[in-house]
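Participant: With these hints in hand, go ahead and build the complete structure from the sequences.
Residues per chain are reported as follows:
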Amino acid sequence: NAGVIQTPRHKVTGKGQEATLWCEPISGHSAVFWYRQTIVQGLEFLTYFRNQAPIDDSGMPKERFSAQMPNQSHSTLKIQSTQPQDSAVYLCASSLDWGGQDTQYFGPGTRLLVL
Amino acid sequence: GEQVEQRPPHLSVREGDSAVITCTYTDPNSYYFFWYKQEPGASLQLLMKVFSSTEINEGQGFTVLLNKKDKRLSLNLTAAHPGDSAAYFCAVTANSGTYQRFGTGTKLQVVP
Chain U
15 NAGVIQTPRH KVTGKGQEAT LWCEPISGHS AVFWYRQTIV QGLEFLTYFR
65 NQAPIDDSGM PKERFSAQMP NQSHSTLKIQ STQPQDSAVY LCASSLDWGG
115 QDTQYFGPGT RLLVL
Chain D
0 GEQVEQRPPH LSVREGDSAV ITCTYTDPNS YYFFWYKQEP GASLQLLMKV
50 FSSTEINEGQ GFTVLLNKKD KRLSLNLTAA HPGDSAAYFC AVTANSGTYQ
100 RFGTGTKLQV VP
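Heads up: the protein sequence lines correspond to chains U and D, in order. Going by our numbering, the first sequence opens with residue 15, and the numbers climb by one from there. Going by our numbering, the second sequence opens with residue 0, and the numbers climb by one from there.
Don't read these hints as lab results, they were simulated from the structure. Worth double-checking, as some hints may not be accurate.
Within a straight-line C-alpha distance of at most 20 Å, the following computed DMTMM-like cross-link-like pairs (lysine to aspartate or glutamate) qualify [stated by the list, open to error]:
hint, chain 1, residue 1, chain 2, residue 2
1, D, LYS67, D, GLU54
2, D, LYS48, U, ASP111
3, D, LYS106, D, ASP26
4, U, LYS76, U, ASP100
5, U, LYS92, U, ASP111
6, D, LYS48, U, ASP116
7, D, LYS70, D, GLU4
8, D, LYS70, D, GLU54
9, D, LYS68, D, GLU4
10, D, LYS67, D, GLU4
11, D, LYS36, U, GLU32
12, U, LYS92, U, GLU32
13, D, LYS36, U, ASP116
14, D, LYS106, U, ASP100
15, U, LYS92, U, ASP116
Stretch-level coverage of chain U by chain D, calculated; a stretch enters the list once three of its residues show a Cβ under 8 Å from a Cβ in chain D [as the list claims (entries may be wrong)]:
hint, region
16, 50-62
17, 66-80
18, 108-114
19, 120-129
Facing chain U, a subset of chain D residues (Cβ under 7 Å, in silico) [said to hold, decoys possible]:
hint, residue
20, TYR31
21, THR92
22, TYR98
23, PHE101
Idealized CB from N, CA, C, for every residue including glycine.
Facilitator: This is the structure in structure tokens:
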């Protein structure tokens, strides 16, 4: 079991460019979560899929951010027209089920730097 | 919105001493509680998952205490060693919730 896989591990973009982050959840897990980690804001929930369907995107910035899960083996987080304040570590997590008690397994994260 | 406060933000203890990290939460519907360890450059490693029905939970080298009346959760490293140096985060979910609401984190340094 390779755990949650995130690619790339590091990404540097120029202001205004697009960034796409990839997540491969643990095989058989039905829920996928995206979080963002910064020094200032800490760990923040962004969005969540259950059986590939978007369930809760209440943490997603309303503009420029979008997430998809086209199949059960991967999810993407896309940031259009990146801004310096988007610089953060983006963490993906998956869990076997979607209850509040289910253990979420976190990937290593993608460190995004917007210059 | 609901918040999770974590204290202290930084903690330095000598090897063999205890280290206590505390989280307070506001959501009365909070039901599941988690403690994570994050080493530099690494992702979150689950230390313990606690259900609201149990007040004292013991792990390997640490104890987690839950006080539902005061809405307080604490992690007590009983005899810290240098390998415990890391960032620690608490997290909370409601009974009906799914995503985890995280505390602000504590950076622990254990000095030999």
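Participant: Indicate, hint by hint, whether the structure satisfies it.
Facilitator: A quick look at each hint next to the structure:
For the hint pairing D:LYS67 with D:GLU54, the CA-to-CA distance comes to about 8 Å; that is within 20 Å, so the pair holds. Of the supplied pair hints, the one linking D:LYS48 and U:ASP111 holds, its CA atoms being roughly 15 Å apart against a limit of 20 Å. Of the supplied pair hints, the one linking D:LYS106 and D:ASP26 is violated, its CA atoms being roughly 25 Å apart against a limit of 20 Å. Under the criterion of a C-alpha separation no larger than 20 Å, the hint pairing U:LYS76 with U:ASP100 is consistent with the structure, at around 13 Å.
For the given pair, U:LYS92 sits about 25 Å from U:ASP111 by alpha-carbon distance, which is inconsistent with the 20 Å threshold. For the proposed pair D:LYS48 and U:ASP116, the alpha carbon gap of about 9 Å is at most 20 Å, so the pair holds. Using a Cα cut-off of 20 Å, the hinted pair D:LYS70 and D:GLU4 holds, with the two alpha carbons roughly 11 Å apart. For the given pair, D:LYS70 sits about 12 Å from D:GLU54 by alpha-carbon distance, which is consistent with the 20 Å threshold.
Between D:LYS68 and D:GLU4 the alpha-carbon distance is near 16 Å, which keeps this suggested pair within the 20 Å criterion. A distance of roughly 15 Å separates the Cα atoms of D:LYS67 and D:GLU4; the hinted pair therefore holds under the 20 Å criterion. For the hint linking D:LYS36 to U:GLU32, the alpha-carbon distance of about 32 Å lies beyond 20 Å, and the restraint is violated. Between U:LYS92 and U:GLU32, the direct Cα distance comes to roughly 7 Å. Compliance with the 20 Å bound is thereby established for this hinted pair.
Pair hint D:LYS36 plus U:ASP116 holds up; C-alpha atoms about 18 Å apart against a cutoff of 20 Å. Among the hinted pairs, D:LYS106 with U:ASP100 is inconsistent with the structure: their alpha-carbon atoms are about 23 Å apart, more than 20 Å. Between U:LYS92 and U:ASP116 the CA atoms are separated by roughly 26 Å; this puts the pair beyond 20 Å, and the hint is violated. A count of 5 residues in the region 50-62 of chain U with a Cβ less than 8 Å from any Cβ of chain D is obtained; the coverage claim is therefore met, three being the minimum.
Note: the region 66-80 of chain U has 3 residues with beta-carbon separation from chain D under 8 Å; the three-residue rule is met and the coverage holds. For the region 108-114 of chain U, the stated coverage by chain D is satisfied: 3 residues place a CB nearer than 8 Å to a CB of that chain, which reaches the threshold of 3. By the rule of at least three residues with a Cβ nearer than 8 Å to a Cβ of chain D, the coverage given for the region 120-129 of chain U holds, with 4 such residues. For D:TYR31, the suggested interface contact is upheld, since its CB lies about 5 Å from the closest CB of chain U, less than 7 Å.
The criterion of a C-beta within 7 Å of any C-beta in chain U is met by D:THR92, whose closest approach is roughly 4 Å, and the hint holds. Given the 7 Å rule on beta carbons, the hint for D:TYR98 holds: about 4 Å separates it from the nearest Cβ of chain U. Residue-level restraint check for D:PHE101 holds (minimum Cβ-Cβ distance to chain U is 4 Å; threshold 7 Å).
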